[in-house]
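Engineer: Chain by chain, the residues run as shown.
6 protein chains.
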Amino acid sequence: MKGITFLKAGDPVEQYLLIKQSTKGVTTTGKPFLTLIFQDRSGDIEAKLWDAGDEDEKKYQAQSIVKVAGEIHNYRGKNQLRLRQIRPATPADGVSIGEFLETAPVPKEEMMDQLTQYIFEMKNPTIQRLTRHLVKKHQKEFLEFPAATKNHHEFVSGLAFHVLSMLHIAKSLTALYPSLNKDLLYAGIILHDMGKVEELSGAVSASYTLEGNLLGHISLMVNEIGQAAKELEIEGEEVLMLQHMVLSHHGKAEWGSPKPPMLREAEILHYIDNLDAKMNMMDRVINRTKPGEFTERVFALENRSFYKPQMYEEENE
Amino acid sequence: MKGITFLKAGDPVEQYLLIKQSTKGVTTTGKPFLTLIFQDRSGDIEAKLWDAGDEDEKKYQAQSIVKVAGEIHNYRGKNQLRLRQIRPATPADGVSIGEFLETAPVPKEEMMDQLTQYIFEMKNPTIQRLTRHLVKKHQKEFLEFPAATKNHHEFVSGLAFHVLSMLHIAKSLTALYPSLNKDLLYAGIILHDMGKVEELSGAVSASYTLEGNLLGHISLMVNEIGQAAKELEIEGEEVLMLQHMVLSHHGKAEWGSPKPPMLREAEILHYIDNLDAKMNMMDRVINRTKPGEFTERVFALENRSFYKPQMYEEENE
Amino acid sequence: MKGITFLKAGDPVEQYLLIKQSTKGVTTTGKPFLTLIFQDRSGDIEAKLWDAGDEDEKKYQAQSIVKVAGEIHNYRGKNQLRLRQIRPATPADGVSIGEFLETAPVPKEEMMDQLTQYIFEMKNPTIQRLTRHLVKKHQKEFLEFPAATKNHHEFVSGLAFHVLSMLHIAKSLTALYPSLNKDLLYAGIILHDMGKVEELSGAVSASYTLEGNLLGHISLMVNEIGQAAKELEIEGEEVLMLQHMVLSHHGKAEWGSPKPPMLREAEILHYIDNLDAKMNMMDRVINRTKPGEFTERVFALENRSFYKPQMYEEENE
Amino acid sequence: MKGITFLKAGDPVEQYLLIKQSTKGVTTTGKPFLTLIFQDRSGDIEAKLWDAGDEDEKKYQAQSIVKVAGEIHNYRGKNQLRLRQIRPATPADGVSIGEFLETAPVPKEEMMDQLTQYIFEMKNPTIQRLTRHLVKKHQKEFLEFPAATKNHHEFVSGLAFHVLSMLHIAKSLTALYPSLNKDLLYAGIILHDMGKVEELSGAVSASYTLEGNLLGHISLMVNEIGQAAKELEIEGEEVLMLQHMVLSHHGKAEWGSPKPPMLREAEILHYIDNLDAKMNMMDRVINRTKPGEFTERVFALENRSFYKPQMYEEENE
Amino acid sequence: MKGITFLKAGDPVEQYLLIKQSTKGVTTTGKPFLTLIFQDRSGDIEAKLWDAGDEDEKKYQAQSIVKVAGEIHNYRGKNQLRLRQIRPATPADGVSIGEFLETAPVPKEEMMDQLTQYIFEMKNPTIQRLTRHLVKKHQKEFLEFPAATKNHHEFVSGLAFHVLSMLHIAKSLTALYPSLNKDLLYAGIILHDMGKVEELSGAVSASYTLEGNLLGHISLMVNEIGQAAKELEIEGEEVLMLQHMVLSHHGKAEWGSPKPPMLREAEILHYIDNLDAKMNMMDRVINRTKPGEFTERVFALENRSFYKPQMYEEENE
Amino acid sequence: MKGITFLKAGDPVEQYLLIKQSTKGVTTTGKPFLTLIFQDRSGDIEAKLWDAGDEDEKKYQAQSIVKVAGEIHNYRGKNQLRLRQIRPATPADGVSIGEFLETAPVPKEEMMDQLTQYIFEMKNPTIQRLTRHLVKKHQKEFLEFPAATKNHHEFVSGLAFHVLSMLHIAKSLTALYPSLNKDLLYAGIILHDMGKVEELSGAVSASYTLEGNLLGHISLMVNEIGQAAKELEIEGEEVLMLQHMVLSHHGKAEWGSPKPPMLREAEILHYIDNLDAKMNMMDRVINRTKPGEFTERVFALENRSFYKPQMYEEENE
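Chains as they are written, first to last, in full-length UniProt numbering: chain Y, 1 to 317; chain R, 1 to 317; chain P, 1 to 317; chain F, 1 to 317; chain W, 1 to 317; chain H, 1 to 317.
Next comes chain Y alone, as it looks inside the complex (with noise of 0.2 Å):
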């Protein structure tokens, strides 16, 4: 079945969809209604149920799967859901909530070998150990959270895809740049945003914990890594300067990180960190667009505007 952001205007539509965010309103003749953003693997839609009352509302709340009837529709510019009919899933439905949510393309077991295998690589026997010890205590989240509540990776497994996009990076950089400490990089990059498993409320529909709030995933991880340092009794530079790696990564104070990049290492942690981030929000609204045209504008990439050549029709995609 075609994902619900690819249907056309007139298109036909039934089956289950998750609700992603349920809102009541009122016509100015004081007629409540609810506002639904549906939601599948591909992305979201929105509908009206018109007339509904306080039971609806009850029933048709954020987080919960419902089956529809009905056909997509434009309204100003945009695809929208006319709903002929609604109603929730039962449990003899057979659905889960993990088909409708956007996960990373590589399955969660692949992700933890590959993270396995560079930390075998790690020749410090101090950097590994801290590395592994950190890995082993949040690993579960680490691989199911987004890498962000939004503008990149933010999908089920986001965290760990984005983190293995950048140390495949940091491997070709490690070969053409010699000088470059190939455990200091490795070690910065898999623990550089692991911080957000506290600073996040979950895997879906993230928000803020308070921690995150007053703190921030960069302080929580410094200190995480050093009482991880106390706990296993390790001593030495190493645990400063992954420290640094993780305090420095955002680049300046103007960007949450109260010390910039001191180390080598660092500084190019940030430029990796930087590049997949900015590669994954342009690959998605590039997706989205013809050859020939102009992508919506990205917030994230100061408002900007990306087009899409027309020589990609023949040789890209």
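Simulated from the structure, these hints should not be mistaken for lab results.
Glycine included, every Cβ here is placed at the ideal spot set by N, Cα and C.
Among the clues, some could well be false.
[To be verified] Which chain F residues stay away from chain W? Per the calculated CB distances, all over 10 Å, these:
| hint | residue |
| --- | --- |
| 1 | G25 |
| 2 | G43 |
| 3 | G53 |
| 4 | K67 |
| 5 | A69 |
| 6 | Q117 |
| 7 | S205 |
| 8 | I286 |
[Claimed, not checked] Now the stretches of chain F that chain W is said to cover, found in silico as 3 or more residues with beta-carbon under 8 Å:
| hint | region |
| --- | --- |
| 9 | 157-169 |
| 10 | 256-266 |
Knowing the structure of chain Y, use the given hints to seat chains R, P, F, W and H on it.
Structural biologist: Positioned in the frame of chain Y, the structure of chains R, P, F, W and H alone reads:
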């Protein structure tokens, strides 16, 4: 005996002084000389030692005490000391380095008493316990370190003196604004710069440690609070609140706080810190200026120059 | 009777309210209606008056008092008032506009007494005379105007209340820092925003006057001080000092002060002004928030949201 | 006789010069000397007076005229004057300070005539009367002061010359854009920098007065206009308009105008001021440069360097 | 017949209008309607067409002419047109699109004559030849295009009108400042925005071309000058000077000029461009405002609002 | 023979060196001397030549080779060369300037081979043809010029070496991110700084040409691509894409790109350029630093200083 910075051109000099800085130079005709900066508690003064050989260079290094004779003369609007005689002090002279260092105007014991009193006034047992633990742990350095390497309170015991000044302000503000939580504010003030005892190398001629450079006193202290809580087996919101107070006390990301204040008490801590630091900077330059004139420019106060009103003559001094 | 903002959905309403704002609308089917914002001392609430003709529009204008009956309902997470009955108040009802306006928590007479006391404490006769003259000249407006049209102290007598709060802080600071000149600081505080009585149109629903728009309260007050000195035939440094205190109290050119503070007292005036304004803003949103939750975002505080610690429950409230 | 800045290395010198600046120095071997900067109408040149005793220091102070003999030599790419003889000028020499100062290229009387003509053309009697009153009050200084202490029009009568240049531009602009109010624009130009006669200490070697430092020429002039209106018993919008023209003429808060231009004529005044000042700055450096080369960098023009095209050779000069 | 924007609430309307914009809407009860923006030479006005079917949507698209009847009414402080009748214009009506478009107040032929005269006055044959060649090449579009898609001179022939206004200013400035090279300045003005004929899609309802988006009018024109020089076999400094005039005319890198002005004439070109654009923006809003009131805010003028003095009543209009 | 920058104080020197810079000075007693900066492939060192007459000044100019004898001494923490003997090199000495210049570590022929291979891999014939044409046109300079006059790759053949480094990175990124168009990215990298061959004066001691100053290498290259397309009679989107790649490669208007990247490949080109330039800057200062210490500050890296971890000792070097 009058401080060295209060002498006028023509005044004779014969006394002990501490060498703050010693730099070798060569005249354009190739003759070596030393530029010496002497210091006593009132401040410092420059002198030249002509025809200084390698031996002189070794004898007259920074941190050594000397006996000098000569006179004050004015060179390009600034006082200098023209040397007639100089010799290193010997143990027989019975002078010690402490006699030449600027020190907080309140003795350490008295400051410790006042601090204890403020901690005693706290009602929240968790905050009180954590604060007491950390003060005890760093007590010696906390009472001896400067508050900064330059700009404000850059003298022996400057850190404790700055903290107590801030506590006095906090006391009157909590009386005027009863909505402020006294425990949070007092503890935040006491801990806010305590990381400096790890960031700086010592109480005198302080430079930055490796930890200080790569993590900074804010991150160091946030970690310390976390570890102290672990050791004391303390849990609950208070730990996070205190970590946030320290983390946010520079007020803005670009000033080194990765999170801005999100507690009323954190916001007020930032103001009190600023106010006391600026008072200290202004007092120094205004004290050196005659009524009816402008002070030198102060770099840390946006390079401003301050006017000392003539009316100060009768009223303030 | 409970303030309108403290009622919950379902509560019946039958009371007098002030119309703060009245805006005409038309439904998409062409029927006219009025959106009314009602106010009492606790704040404001919105209501719709359906099928409102031209006559209703005239009857229910801003600044008029009405008697309403209806009930509270919740619309998109915000309380609204569903009107059943509404009529204009008549003289026979015996209600006056003052009953519906937020006002400083201290009576005008008491504030005037405190102000007089502060002026009485001044030792410099010139500063005292100038300050007394200007307070006398603008006494009525000074005691009634708000301190601003929005953001902080935006209520009846807000200006005087803000000034007195600042004077109380100044009193404790001059005790802690004896180098501060009390006369300059007190007079600077009293005069700093007095130009608002010319900048704003009145004590209630204040807007900007033409002078306010084109010159601003700072320039207006600097001129006033100059003219007052001329009238009183006062000469000497004090006039210039006070003009500078007012001129520089926003702290920086980009914040509206063409000269930055160049007097120690001017710098401190700027901090005190800031501190009291920010306390007022934070108190308002924190008072409306439950312990353990974040406040709404405050635009004038860099759009920050503040956390209200759970420990407040037992200790502060 | 050729101006001192037009001589070449090797040229003999025997003439009167004004000492612009005199600074005492000491060679590294302890011998005192004087660094003298001489000036005539074409600019200035440096010289050293070796073995200069205390008496020489007194004889050769700034603002005194001397007779010198020597020759030009080149030192690090800049011309210097190598002194053979020097003596103070005596009354018998019959030279006066005015002969050595750069002055506007139009005589004061002629500038006053032109100014009178522009005032005469005004149709609004209030604006005309206020302008005439203020010009009369400050006439002497207005015709003698420089427009600034550095950057542009920093010569005797520079203020009046700058104002007249601006009035000429205003005349052609009001012809091209009839919507501009000629009276407001002319009066705004005449008054915009008149506060400089209070801000600066005098027509020659001007420094800032205390009023100038603490209030600035903009605030000083806004006050003056207000007081003039009071004295002349003038009321009405025109006073406020002129105050705003002066207040806003720097264009932005960060450039010293607490209010931005809110009158069409105030906006245009800002542009004309800018244009004439920048022309003056560029002309100076380009005049000193050969066609086909770049000028020195100009700090007040964002540190830019300007190219003088080769085509200028035949066409412009 | 009076322009549509000069009518008052209650005035009847019966005339031809151009549809500038047409947007489909749906009422909350599901009924479709059209929001139409009509335009004539005086500006535009909004109207609602209720119960509009798919056929109406096709009939009443942007750029089509209609005959309407109805009346003006005021909705939320803005005039709207309440439609009674509407029908598409037919060829028999004899109306053409040009009658509804705002156009420069000077005919194209006259502007071309003036332009030819300015080119004729140039003395440098290279500059003259290059300028004439490029004007000839783009003559048709140059005389028809707007100067911008919004903000200033956004009307038919706005580009040529803006250029001629600038040339008139340049003529008086070169008379006042003889050091300015008239040929460079005139040619720079004529060419500075000529790249807009490639950047924009057409004279009416202009949007950006692909070249316009990816390179911009400045780079496009710099290239054009280079190619024209090649075709005409012109060599020498003049080509580079003109390319620099165009390249630098936005004044700063952040405003789109990769190099700041480094020629006196380039600096002045930037000021003249700015001055004429701002006059055009201010005149528009001030013309729509009554004396004694403030204009609406103008986004492109730092969101300022301008005051129209009362004295304008007698003198200017 | 060891490079001049690796010698220690006390080491004797007797070798050929290139004079990089020669500046005349005069001692305070009037004796002329020369400050010479000598260079070999390892870097440079300063020396003084006392009592240097006009003849010496001519003999020892920049770009001439000399034979020197003397020894290294330390002056204010920096090594200097104390000269005992100096004479100009003669043809008989058989030394050439190339022996003293830093050069890319890969021979030009090899770099050309690699470049040819990258061009060969392109699939789009238009991009390939344009790139090949431009490389051929500028081949000699492209292989010899530095990438910049300072900051990074400022050595002979630095431009080609930087481009090849970037191509290697691009090769691995296009493997990791298949959505990237290899042809556009390779061609963009090859052309992005080719304009430097017109912007700079030569391969050694490069300064800016007039074209370089007034237009800059970006605009120069955009023009070149346009003209090459004309000569080759190439049309189509590719020309515009490549012009945009070059135009936007500085990333932001304030960094010299009038348009920001609007192609995915243009964005990535900007990152790769940045990454390789920064690696080069960091490697240089870190190579000169001992493990466990901080490097000197690097102005082009926000004036940061980098830490060289102690663990480098065993692992990296």
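Engineer: Does the structure break any of the earlier hints, and which numbers would those be?
Structural biologist: Hint 8 alone not satisfied by this model.
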